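Take a look at the letters that make up each chain.
There are 2 protein chains.
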Amino acid sequence: MKTIDPAQTTLRDLSGYLNGAIAPRPIAFASTVDAAGRVNLSPFSYFNVFGLNPVTLVFSPNNRARDNTPKHTLLNVQEVPEVVINLLDYSLVQQASLASAEYPRGVNEFVKAGFTETPSERVRPPRVAESPVSFECRVQQIIPVGQGPGAANLVICEVLLMHISEKLLDENGKIDSRKTDWVGRMGGEWYCRASGNAVFEVVRPNQRLGIGFDQLPEAVRNSRILTGNELAQLANIEALPEQPKILDFSRENQNLPADADERHRRASQFLAGGDREKAWLMLLA
Amino acid sequence: MKTIDPAQTTLRDLSGYLNGAIAPRPIAFASTVDAAGRVNLSPFSYFNVFGLNPVTLVFSPNNRARDNTPKHTLLNVQEVPEVVINLLDYSLVQQASLASAEYPRGVNEFVKAGFTETPSERVRPPRVAESPVSFECRVQQIIPVGQGPGAANLVICEVLLMHISEKLLDENGKIDSRKTDWVGRMGGEWYCRASGNAVFEVVRPNQRLGIGFDQLPEAVRNSRILTGNELAQLANIEALPEQPKILDFSRENQNLPADADERHRRASQFLAGGDREKAWLMLLA
Chain F
38 MKTIDPAQTT LRDLSGYLNG AIAPRPIAFA STVDAAGRVN LSPFSYFNVF GLNPVTLVFS
98 PNNRARDNTP KHTLLNVQEV PEVVINLLDY SLVQQASLAS AEYPRGVNEF VKAGFTETPS
158 ERVRPPRVAE SPVSFECRVQ QIIPVGQGPG AANLVICEVL LMHISEKLLD ENGKIDSRKT
218 DWVGRMGGEW YCRASGNAVF EVVRPNQRLG IGFDQLPEAV RNSRILTGNE LAQLANIEAL
278 PEQPKILDFS RENQNLPADA DERHRRASQF LAGGDREKAW LMLLA
Chain E
38 MKTIDPAQTT LRDLSGYLNG AIAPRPIAFA STVDAAGRVN LSPFSYFNVF GLNPVTLVFS
98 PNNRARDNTP KHTLLNVQEV PEVVINLLDY SLVQQASLAS AEYPRGVNEF VKAGFTETPS
158 ERVRPPRVAE SPVSFECRVQ QIIPVGQGPG AANLVICEVL LMHISEKLLD ENGKIDSRKT
218 DWVGRMGGEW YCRASGNAVF EVVRPNQRLG IGFDQLPEAV RNSRILTGNE LAQLANIEAL
278 PEQPKILDFS RENQNLPADA DERHRRASQF LAGGDREKAW LMLLA
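In the order they appear, the protein sequences are chains F and E. Each number in the numbering used here corresponds to the 1-based position in the first sequence with 37 added. Each number in the numbering used here corresponds to the 1-based position in the second sequence with 37 added.
Be a bit skeptical, because a hint or two may be false.
Each pair may be met inside one copy or between any two copies, as identical chains are not told apart.
What the hints assert, rightly or not - In silico lysine to aspartate or glutamate, DMTMM-like type, Cα no more than 20 angstroms apart, as pairs:
#1 315 to 296
#2 211 to 226
#3 39 to 207
#4 39 to 158
#5 204 to 42
#6 39 to 213
#7 39 to 50
#8 211 to 50
#9 315 to 255
#10 39 to 218
#11 216 to 203
#12 216 to 238
#13 216 to 50
#14 204 to 50
#15 211 to 71
#16 216 to 226
#17 282 to 314
#18 211 to 42
#19 39 to 195
Since the hints were made in silico from the structure, they are not lab data. As the structure is a computational prediction, the values presented were derived from the model and not from experiment.
Please model the entire structure based on the sequences and the hints provided.
The structure is reproduced here in structure tokens:
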């Protein structure tokens, strides 16, 4: 491991480490207005959902690392404490990147980046018609954390109204994560496209608690074959199969391999097929 | 678009919409201790980096939606304001999910989920030996936002020390986003694996500002072939090619298609190959 003391590291290097490490980051495409009503639109990946009661999103337009000046978005929410946070799918990523350029204050990035303004219902900034999801927000507070170049300005946003494209919804009106095509920000100029084969499911822990790694039989825990991901699936069972079941399995499968590694390989195949019970029987029979 | 008023929506539905929409989210695997020194380890996807000066991470152990009780992690950082935020790559995702189960307070999820404790240098909670990146943090403040079930508790963390696995680094000691294998959280039980084909590059806007969509020739802007992503790449040029260059291109390419759509298709191919200049020449010649 390389150990890094932030106090001994340049802002430029810190930003490289943090953006490369804390990833993929969701992107807030923030629409704001200044006191004169001039519109700004800019992407921020120092952003996430944080609370449900009220629905709370937080993003940070940091002081510019280059010269410690405030971003236009920060100036705008200080003047008019309202923002529409629009989300970005893959089809919009190049346009949004274009909107991140440092156009002078007062230049409308909707125009520069080719997006369409739609009036909001509860706030003054317009929303992005092309975005599959938009949140109309009141800025509840702005909390500076630290000072100087690169310091955070946490913009705490309360969501007043959400707009969700029907094309993301399943037959029950819920968002289906196989229908979304979100992009996340990574280090440097890298992004991640969160769809297709990149998306996978992890079964939540049981309501009844899993036995845990400490209750795995020694020979399983120290397997030369099974990975941590596989052991975790095994440890998430609430109890090991009972003896009669194990005996039945042995009777039904006369030619079980004597070699432990081979047993573990077959258990691994059962896990890949989603059959944790058979995997356990293969290990215990 | 479906419009949703949070005030009229159940917490359960809100959480479905927000987790499905604001994605992929990075995951903080937080190690904390209580006053008696008992260790807790739990994942949180309401998390991100926010500031560089000082280096600031924020995560939120929300009040439980079910019964409005505080999570053990929150109780711990209230007792001992220190945390190690470990990051998760694909090889650790099943074990981390196991650690998210509601084991009673005082149960050490390092043990239950099969992780190895490594002593930290600056704080009391141990770090996860298996994590490719860990941040030793002092909790600077805890800011509740809202109240009741699902309300946020922003834990503002100042990074004192970072540990980064050498295997993520390039020859200059920087994180290489083609070497990381991060996972992000999505809606329901879905995750995203941010590596391989899911990772792509978007060239940053020029230092010299791009001409923008408003300066695209009408016929290009209204193309039936070129996508928003392609138009954005074209609009990111600081000036259109000059007349002599266009004439040279015409001379060198005698059989340019007369059909505009066909020209746009070829421009699209040049863009896919990373040659924006040729794409423009194809459109203008």
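Going through the hints against the structure:
1. 315 to 296: within (17 angstroms within a copy, 62 angstroms between copies)
2. 211 to 226: between (32 angstroms within a copy, 14 angstroms between copies)
3. 39 to 207: between (45 angstroms within a copy, 12 angstroms between copies)
4. 39 to 158: Intra 50 angstroms, inter 13 angstroms, cutoff 20 angstroms: inter-copy only.
5. 204 to 42: between (46 angstroms within a copy, 19 angstroms between copies)
6. 39 to 213: between (40 angstroms within a copy, 14 angstroms between copies)
7. 39 to 50: within (14 angstroms within a copy, 43 angstroms between copies)
8. 211 to 50: Close across copies (8 angstroms), not inside one copy (41 angstroms); limit 20 angstroms.
9. 315 to 255: within (19 angstroms within a copy, 63 angstroms between copies)
10. 39 to 218: Cα proximity of residue 39 and residue 218: across copies only (18 angstroms, versus 35 angstroms in one copy).
11. 216 to 203: within (10 angstroms within a copy, 36 angstroms between copies)
12. 216 to 238: within (14 angstroms within a copy, 22 angstroms between copies)
13. 216 to 50: between (37 angstroms within a copy, 18 angstroms between copies)
14. 204 to 50: between (41 angstroms within a copy, 18 angstroms between copies)
15. 211 to 71: Cα proximity of residue 211 and residue 71: none, with 35 angstroms in one copy and 38 angstroms across.
16. 216 to 226: So residue 216 and residue 226 pass the 20 angstroms test across copies only (14 angstroms; inside, 25 angstroms).
17. 282 to 314: within (10 angstroms within a copy, 69 angstroms between copies)
18. 211 to 42: For residue 211 and residue 42, only the inter-copy Cα distance (15 angstroms) is at most 20 angstroms; the intra-copy one is 44 angstroms.
19. 39 to 195: For residue 39 and residue 195, only the inter-copy Cα distance (19 angstroms) is at most 20 angstroms; the intra-copy one is 39 angstroms.
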